[in-house]
Amino acid sequence: MTIGIVSYGAYVPRYRIKIEEIARLWGDNAEALKNGLMVYEKSVPDVDEDAATIAVEAARYAMARSGVDPSRIGAVYTGSESHPYAVKPTSTIVAQAIGATPNMTAADFEFACKAGTAAVQACMGLVGSGMIDLGLAIGADVSQGAPGDALEYTAAAGGVACLLGRKESEIAAIIEGTYSFTTDTPDFWRREGMPYPEHGGRFTGEPGYFKHVINGAKGLLDKLGTKPEDYDYAVFHQPNGKFPSKAAKMLGFTRTQITPGLVVPKIGNTYSASCLMGIAATLDQAKPGDRIFATAFGSGAGSDAFSITVTDKIEEIQNRAPTVSELIKNPIYIDYARYARHKGKIRLA
Amino acid sequence: MSSVPRFWRNLGSRYNLEGTRCKECGEYFYPPRNVCVNCRRVGQIEPYKFKGTGEIVTYTLIHTAAEGFENQAPYTLAIIKLDEGPRLTSQVVGNPEKMHIGMRVRPVFRKLGEDGEHGMIYYGTKFVPADA
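Note that the protein sequences, when read in sequence, are chains A and B.
One gets the working numbering by counting positions in the first sequence from 1 and adding 410 to each.
One gets the working numbering by counting positions in the second sequence from 1 and adding 1 to each.
No lab work stands behind these hints: they were computed from the structure.
Check each hint, because a few of them may be wrong.
Pairs of lysine to aspartate or glutamate residues, derived as DMTMM-like cross-links and limited to a Cα-Cα distance of at most 20 angstroms, are as follows [what the hints assert, rightly or not]: (1) Lys753(A) - Glu71(B); (2) Lys697(A) - Glu586(A); (3) Lys755(A) - Glu56(B); (4) Lys753(A) - Glu118(B).
Over 10 angstroms on every C-beta distance to chain A, these chain B residues come out as not near it, computed from the model [what the hints assert, rightly or not]: (5) Tyr31; (6) Val38; (7) Asn39; (8) Tyr60; (9) Leu62; (10) Asn72; (11) Leu78; (12) Ile80; (13) Asp84; (14) Pro97; (15) Leu113.
Computed from a predicted model, the values in this text were never measured in an experiment.
C-beta atoms are modelled at their ideal positions from N, C-alpha and C, and glycine is treated no differently.
Just need the whole structure built from these sequences, with the hints factored in.
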């Protein structure tokens, strides 16, 4: 049974705020932050954008790329840590907006930054078992960082949708295998009703990100009997530019392999869309036969690793919707005051 | 804002620009009509999903927003002529200084408004400049 990506679509809001502008407000050293984080600016949603509207835009681009009949979709799963409703699924809004309703199932996923890839795995299971024809998995976020917190420099907005299927004639990228590594690690959380997440500072690094990414990636390489040099590209969850670069080096992947998918310096951490955004950016420029290794990470904590091989079909769909680099170009830069307004940090009476 | 059932009944039109078309005379309707205004009882109405592309017929810049829209002001409210013919009123998202009559637009999915912090969030179609 071959399961794979039939189509994909990404969306990034137009607005950006630069690290210098945030650092100016809090009296931080912008140069030190940029060098440390390897992030220079981050995406900011418009006043009328949220995780649901971003998920819809990404899903519509995925549908435009595939050209398939939306009524064939049997499941829509949206992963996010910023679902607009606490109770009322984002996925029903997306499914209605792409015309996939009503003969289908839907649910929302939550696993910090890897809720999107968890949705991909769920769709792979349903598609692979023959329970559904096509499944749509989405990661979308308008992530929040408390004013003055370190997270504010990277918490960004974006979304990626992946349409998964099993018809070989339709598959643009075969997923040869997936592997997850999960433990109870309190490196990052947000309590019910609280506007901003809390995190363990440096504790998020070694026991959180690196332990899970390295073990998840190694687990999949062992399972498939592949080595880093077997892959043309690699993508790792990108909360900043430094972590994925270091993880790649620890595992034996080169800078050349990770460069096409490393989008965090220009848009920040898009949370549930982060690893998927790297995969989308890589698929945008991949050639038939190319192999992509990807590992997503979610605090709490866990990782999902994927091994992907691109098929001839990719060239047919690549340019039917905007590429990630097209979505990232022509940003509109805003100051902190406008950023605060866009993010709802200013409350009107 | 509007009541929940009232909004829900129009979900198809709000989300996906679903309207109708008369097979008899070829006229398009948005919002959807059940009876053709030209052909009356000989008209044959069928569902039609608009492409969403069109142009600005006229527009105004709203500074003093209605209740529920305060956070979006200033915003552009325009009459848009869809390529199939019907006109509708919608926000056009983008730099107000760049708006002009005749500007080509395309649809986007956005938050239209919400009933405070406790109520429903209303989603639907707005427009952006076609080259945005």
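Going down the list of hints, with the structure as the test:
{"no.": "1", "hint": "Lys753(A) - Glu71(B)", "verdict": "14 angstroms, holds"}
{"no.": "2", "hint": "Lys697(A) - Glu586(A)", "verdict": "17 angstroms, holds"}
{"no.": "3", "hint": "Lys755(A) - Glu56(B)", "verdict": "34 angstroms, violated"}
{"no.": "4", "hint": "Lys753(A) - Glu118(B)", "verdict": "15 angstroms, holds"}
{"no.": "5", "hint": "Tyr31", "verdict": "17 angstroms, holds"}
{"no.": "6", "hint": "Val38", "verdict": "27 angstroms, holds"}
{"no.": "7", "hint": "Asn39", "verdict": "29 angstroms, holds"}
{"no.": "8", "hint": "Tyr60", "verdict": "17 angstroms, holds"}
{"no.": "9", "hint": "Leu62", "verdict": "15 angstroms, holds"}
{"no.": "10", "hint": "Asn72", "verdict": "6 angstroms, violated"}
{"no.": "11", "hint": "Leu78", "verdict": "13 angstroms, holds"}
{"no.": "12", "hint": "Ile80", "verdict": "20 angstroms, holds"}
{"no.": "13", "hint": "Asp84", "verdict": "18 angstroms, holds"}
{"no.": "14", "hint": "Pro97", "verdict": "13 angstroms, holds"}
{"no.": "15", "hint": "Leu113", "verdict": "8 angstroms, violated"}
The structure fails hints 3, 10 and 15 (numbered hints given earlier, in ascending order).
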